[in-house]
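Trainee: Here the working numbering is used: position 109 in the sequence shown is 109, and no number is missing along the way.
Hints are computed from structural coordinates only; laboratory data are not their basis.
Ideal Cβ placement from N, Cα and C applies to all residues, glycine included.
Treat the hints loosely; a few may be bogus.
Computed beta-carbon distance windows for the label pairs [said to hold, decoys possible]:
1) Tyr308 <-> Thr236: 23 to 33 Å
2) Ser256 <-> Arg282: 16 to 26 Å
3) Glu217 <-> Arg169: 44 to 54 Å
4) Lys91 <-> Asp290: 51 to 61 Å
The calculated DSS-like cross-link candidates involving lysine-lysine, where the alpha carbons are at most 25 Å apart (straight line), are [unchecked claim]:
5) Lys181 <-> Lys166
6) Lys166 <-> Lys135
7) Lys297 <-> Lys278
8) Lys85 <-> Lys141
9) Lys135 <-> Lys181
10) Lys135 <-> Lys154
11) Lys141 <-> Lys181
12) Lys278 <-> Lys298
13) Lys166 <-> Lys125
14) Lys141 <-> Lys121
15) Lys210 <-> Lys312
16) Lys312 <-> Lys196
17) Lys72 <-> Lys154
18) Lys303 <-> Lys278
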Amino acid sequence: MLASLRRSGVTAVGKYLSSSVSRPLALSSAVTIANVCGVRTLNTQQYTQPKDDLLALREKPESLSYFTGNYKYNDFLIELDALHKQYANWKGAEEKTPIVADSDDLVNAERVPEPTVYSWKLRDKMSQTLQIPLKTSQWRKITLHLNALASLPKPLPEPVVRVLQKYERFDATQQTSVKSKTLDELGRAYAVGRRKESIARCWVVEGEGKILVNGVELSSYFQRPSDCDQVTLPLTATENLENYNVWAVVNGGGSSGQSQAVKLGVGKALLIHNSELKPILRQAGCVTRDPRVVERKKEGQRKARAKYTWVKR
1 MLASLRRSGV
11 TAVGKYLSSS
21 VSRPLALSSA
31 VTIANVCGVR
41 TLNTQQYTQP
51 KDDLLALREK
61 PESLSYFTGN
71 YKYNDFLIEL
81 DALHKQYANW
91 KGAEEKTPIV
101 ADSDDLVNAE
111 RVPEPTVYSW
121 KLRDKMSQTL
131 QIPLKTSQWR
141 KITLHLNALA
151 SLPKPLPEPV
161 VRVLQKYERF
171 DATQQTSVKS
181 KTLDELGRAY
191 AVGRRKESIA
201 RCWVVEGEGK
211 ILVNGVELSS
221 YFQRPSDCDQ
231 VTLPLTATEN
241 LENYNVWAVV
251 NGGGSSGQSQ
261 AVKLGVGKAL
271 LIHNSELKPI
281 LRQAGCVTRD
291 PRVVERKKEG
301 QRKARAKYTW
311 VKR
């Protein structure tokens, strides 16, 4: 019964289409008749929507480098390249012809400031600033681009300076000027020396060569001649043994540690009197602290390195 209805419906559709070719709405009517007869059809109006409207509904990426592995990193490099190209022809300060100046003009002339030397943030700090993960190779590439901007003719353009200041290792507000040590009102130079567990505070003043350690003569405080030689090494190396008096207050550690702590303090104090002695004192080992300390004892061992005797049972 159903098969006969379907055959009759298809026959009716064919006759209807052949008799109404000139009518444009006959197709929708034919589809309706076919649906009544149980034939599965599609609505032709679904394909009238343009494709541009379908693409307009999609969310567009926020960056041209969105589909790269690290688009924020690539966008940053593109930004630096664009800034460098913008000021590629930057000439900086105009070159002036040299003028012969008198000695009075040289004295009264203002000191020209030295060019700024940039040091960039390390990889971890740079990654925190940019809020993106960075590999070492990527950090090096960023620093190369920053160096290219910093190498433009001085003075640098203001936009370039603002960009470079963001990625400097130290901000200008965090930099503290190092105070140079000078002699006090009595002509004394003060310095601190350390060795192992010993700390020595030393005052050096011009005099006739007296050395007191904790208020005692040097030869009385240190019994071993080697310790006395360590204390006087900065003075003998610079040939100033009879030109300065030394007052040292030392505590902690043993005799060797205390003598070497006093040696370091006296060497630093001599540099305050005469900074030209630094090469001689450095060669004698009177400027740099010896960082070696005793190694701690380990658990399960007799000492720092020594082990207990192994017993089989």
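Trainee: Work down the list of hints and note, for each, if the structure agrees.
Mentor: Hints, one by one, checked against the model:
no. : hint                          : verdict
1   : Tyr308 <-> Thr236: 23 to 33 Å : violated, 47 Å
2   : Ser256 <-> Arg282: 16 to 26 Å : holds, 21 Å
3   : Glu217 <-> Arg169: 44 to 54 Å : holds, 50 Å
4   : Lys91 <-> Asp290: 51 to 61 Å  : holds, 53 Å
5   : Lys181 <-> Lys166             : violated, 33 Å
6   : Lys166 <-> Lys135             : holds, 20 Å
7   : Lys297 <-> Lys278             : violated, 38 Å
8   : Lys85 <-> Lys141              : holds, 17 Å
9   : Lys135 <-> Lys181             : violated, 42 Å
10  : Lys135 <-> Lys154             : violated, 31 Å
11  : Lys141 <-> Lys181             : violated, 41 Å
12  : Lys278 <-> Lys298             : violated, 40 Å
13  : Lys166 <-> Lys125             : holds, 11 Å
14  : Lys141 <-> Lys121             : holds, 13 Å
15  : Lys210 <-> Lys312             : violated, 62 Å
16  : Lys312 <-> Lys196             : violated, 39 Å
17  : Lys72 <-> Lys154              : violated, 30 Å
18  : Lys303 <-> Lys278             : violated, 40 Å
Hint compliance for this structure: hints 1, 5, 7, 9, 10, 11, 12, 15, 16, 17, 18 are broken, all remaining hints hold.
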